[in-house]
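J.: For the sequence shown, my numbering begins at -6 and goes up steadily by one.
A few of these clues could be false.
[As the list claims (entries may be wrong)] Listed next, with one range per pair, are the computed distances between beta-carbon atoms:
| hint | residue 1 | residue 2 | range |
| --- | --- | --- | --- |
| 1 | L63 | R157 | 42 to 50 Å |
| 2 | N99 | L255 | 43 to 51 Å |
| 3 | M85 | G160 | 22 to 30 Å |
| 4 | I140 | L59 | 31 to 39 Å |
| 5 | T126 | G213 | 21 to 29 Å |
| 6 | A82 | N50 | 28 to 36 Å |
| 7 | G213 | N99 | 40 to 48 Å |
Hints were generated in silico from the structure; no laboratory data involved.
Since we're looking at a predicted model, the values are computed, not measured.
Where is the CB? At the ideal position from N, CA and C, for every residue including glycine.
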Amino acid sequence: MELLHYPFMVRALIAAALVGITAPAIGTYLVQRRQAVMGDGLGHVAMTGVALGYLLNTSPVWMATLVAVLGAVAMEMIRSRGKTSGDVALAMLFYGGLAGGVLLINMAPGGSTTNLVSAMFGSITTVSSADVTAVVVLAAFVIAVTIGLRRQLFAVCQDEEFARVTGLPVRALNLLIAITAAITVTVAMRIVGLLLVSAMMVIPVAAAQRLTRGFAATLGLAIAISLTVSVGGSAATYYMDKPSGATIVLLAIGVFMVVTALSTPLARRRAKAARAAEAVCTRDDVKV
């Protein structure tokens, strides 16, 4: 393939594949616990980290990871306390992160809003060798957590009280989910962008849920969908000269729409069969 002759495209495709795996891997748990927009909030917070990276002349990816993790810890502390003022605190955290990023990037020597825009919406040409190394390390952590601790994380997402009764460290696992989500946001920064990564955490999972029932099946299919659109969208970006993040997200939405159209008749047949089976059971009970 022609695009594989260019080192920047090889780096972009590697990063895209890792985004395709990690985003739905953590997104499945976030959807399960109705925190689908967490990635969006963490993306806002990570903007400050990106700007700090340019200001301090260090890696924007690693600095964004540090700031996003700190933001995730703050978010989880606010969520666990459950106070009515929590929404206001989260809003200040999210938009403060975005405002801080814009302010700091203008203070950075040689920094410009162009750097921030590429981090917000993704750009395959910005993926360096150092970025690939960072993404590989961070993605390995995300995969190890989401796959290796899937039983414990699923239990916490399904029913925190039951998980606590069984002896699981619920608070630590909740914090781990938040930190893993923060790391996933920075994994996707170069390809999908900080403001669009939440879509890749949610849309492939939503599409997979249309066709599957069990948690493991949903997780597997969501990763397959996300991996396909991430790599395919990055390749399409090369040929069409379009923004990578927007292309990938729109492809994911297209897949969701197709899956929804195909799954609707199937869902109706399943519902009809379930009603028929219930009617048979009711008649048998009456006879008895």
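J.: All hints are to be evaluated individually against the structure, with a verdict given for each.
T.: Outcome of the hint check:
| no. | hint | in the structure |
| --- | --- | --- |
| 1 | L63 / R157: 42 to 50 Å | violated (26 Å) |
| 2 | N99 / L255: 43 to 51 Å | holds (48 Å) |
| 3 | M85 / G160: 22 to 30 Å | violated (36 Å) |
| 4 | I140 / L59: 31 to 39 Å | violated (24 Å) |
| 5 | T126 / G213: 21 to 29 Å | holds (28 Å) |
| 6 | A82 / N50: 28 to 36 Å | holds (32 Å) |
| 7 | G213 / N99: 40 to 48 Å | holds (44 Å) |
Checked against the numbered hints above, the structure violates hints 1, 3, 4; every other hint is satisfied.
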